[in-house]
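2 protein chains.
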Amino acid sequence: MLNWDDPIASFSLAGQEQNKQVVNKTLTERIQSSSMQPVCADDKRVVNGKTDINQLAPFKYPWAWEFWLNANRNHWTPLDINMSKDVHDYQHRLTLEEKHVYENVLSYLTTSDILAMRNIGLAVMEKMTAPELQIYQARQVYEEALHTWTYQHCIESIGLDQGEIYNRYRVVPAINGKIQMANDKINSVLRPDIDLSNKDDLEDFVMSYLFFAGIFEGCWFYNGFSPIFALQRRGLMTGTAEQLQYIMRDEVLHCAFGIRVVNQIIQENNIKLDPKAISAMWQEAEVCEAEYANYILRDPILGYSADEHIAQFRFIANRRAKSLKLEAPFPGAENVLGWLDEQTNMRKEKNFFETRVTEYQTGGALNWE
Amino acid sequence: MLNWDDPIASFSLAGQEQNKQVVNKTLTERIQSSSMQPVCADDKRVVNGKTDINQLAPFKYPWAWEFWLNANRNHWTPLDINMSKDVHDYQHRLTLEEKHVYENVLSYLTTSDILAMRNIGLAVMEKMTAPELQIYQARQVYEEALHTWTYQHCIESIGLDQGEIYNRYRVVPAINGKIQMANDKINSVLRPDIDLSNKDDLEDFVMSYLFFAGIFEGCWFYNGFSPIFALQRRGLMTGTAEQLQYIMRDEVLHCAFGIRVVNQIIQENNIKLDPKAISAMWQEAEVCEAEYANYILRDPILGYSADEHIAQFRFIANRRAKSLKLEAPFPGAENVLGWLDEQTNMRKEKNFFETRVTEYQTGGALNWE
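For the record, the sequence lines run as chains A and B.
For our numbering, count along the first sequence from 1 and bump the result up by 8.
For our numbering, count along the second sequence from 1 and bump the result up by 8.
It is worth saying that the hints were derived from the structure and are not from the lab.
Same chains, same names: a pair is fine if it fits in one copy or spans any two.
Dumping the calculated DSBU-like pairs for lysine-lysine here, alpha-carbon to alpha-carbon at most 30 Å:
1) 207 / 135
2) 58 / 135
3) 58 / 207
4) 135 / 333
5) 135 / 330
Chain A on its own, in the form it takes in the complex (with noise of 0.2 Å):
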């Protein structure tokens, strides 16, 4: 056993490197000495940052923390919600239009949301080299997964064919299109070699970054519950409304989270986006959502039409581009769905208490090994 002249460290070599290199310098010249230092808040960065990834604190990104804490401020769960007036209404009360726009933003959400989860999870949060931006991301992907649940919850309570309703995504184009956009971004930031210290690869991952944050999450799902909120808005599906309300909360969180990133890593980095590039994005993007809304509004249902649906992609389309300090992508869209803002920011305080149907469990029922 070796004992240093420090009083707070004794310790004996285990054939740790590290430790033989540091065993003759006293634990105070060790502090002293730079790479011993604690981390300096100053010197943290969104990415290619060089400060040790296990400290906490101090902050450098205190807002990133305080989308942790209301993210956790904002907990339920999807058994939280009763679903038993929706069964009745998919039995009883939908027509074939609105079972099939119902079935198939079902089928569109699922997938996106495990597509999302990949996303934050895998092609992210590595890439994070301040551990408060990490913290928030952990939380970013256990709600995508909370959300998947969510979906699982809706097509089990209603009874649809569970296999069916999650290929669907393969053999609907209409669908397949924003899936296998986003696809596309997700495959150019997980290959193996991508290195953010170069400029090419970096602009790589600010575009995915921006699109999920901006595009997949801020528009496409943000729009992609409005058909479900017009069934709602008739009395019609509404546990599946009140779950998606939830959704549309954490999302529109994750949209503003990852947005401040991109603002970050661009401001951090000098970075110029190619304007070109970003134009095209949202072209794609509205060409993708056309399709998917021609496709599960190609009949027309009460209060909702397609043409709608594209409309309000272009009116949240500019604000999401406004937060991104780019040029908006579709100059005079209107908020054709006014009634949307309202709904989905107004009724879900006022119903929630009342229409809960169990307590949270969280904390009581314990469970060791």
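Following the hints, complete the assembly by docking chain B onto the known chain A.
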């Protein structure tokens, strides 16, 4: 606009190559072709599977889904637990030796849980080819972040120097030894060229996952809380101890899940682990744990000693080895802390609702864009 002959599909060509290739097939033909069939549960594999990762159901591993549901039932946050008595205890009741134990345990745990998050989120989850496994691991990634928040909450509540506590694992060799062993394991599988279809790489991965589940979470974490539980037993730092009881409950699930996955991989791939490598791993883990125990408990505290800590490690190690169908690494090791299982299992259920200070905010506080 192209119209398909199948009534449920119509789409336009948006330049997606995949769409072009199938334009001449009917939807029915596409579904019947094997590549477009829904996923068959029997085809799923833990690693190296070829089934579509985007299709959650049908489940091949329903136990993984049960872990997911259980983990969600266990939801808690550090804000649920009153820390005010701990502030008083730390300032007025702890001896210098007990403060030394308390601070270094926190310092070890906080670094360890960030590492645990990075292991499961970056090194493990991406390699799973059945989505029901990824779903539980998404929750696990989040729980590790929740634990990091908990330590941060304790450090802030007590008023310790955050930067110094977070940095301690780098300057105190007895803490660094354990972190270094874990870093070596994570680095052995985080390399970009790892290929699990290669037998050696797969064995590296299994050894690393086995280490993290069976030793890092199953022994070191489990055992790592005991010094604080020893304080709790004497009515000291009871808020922190209650936080750690929740963390311990999560970690026990992580350990059990990881061991189940490791056993499944071994079975599906006919792997024979090298008994010498396993034995060396247990021995290294014991050396690291003994150094750590001798450091944090170099001066004895009432009711808990380094020797008891090390003996308890050996006892728990045998328990984990049995779950992993491995030989007991420390034959004859005894349960020297008989009070521990009882205290960690029982007191929680009895006291939880009495000691919580806030109602769960989950779902109650709505923050919209």
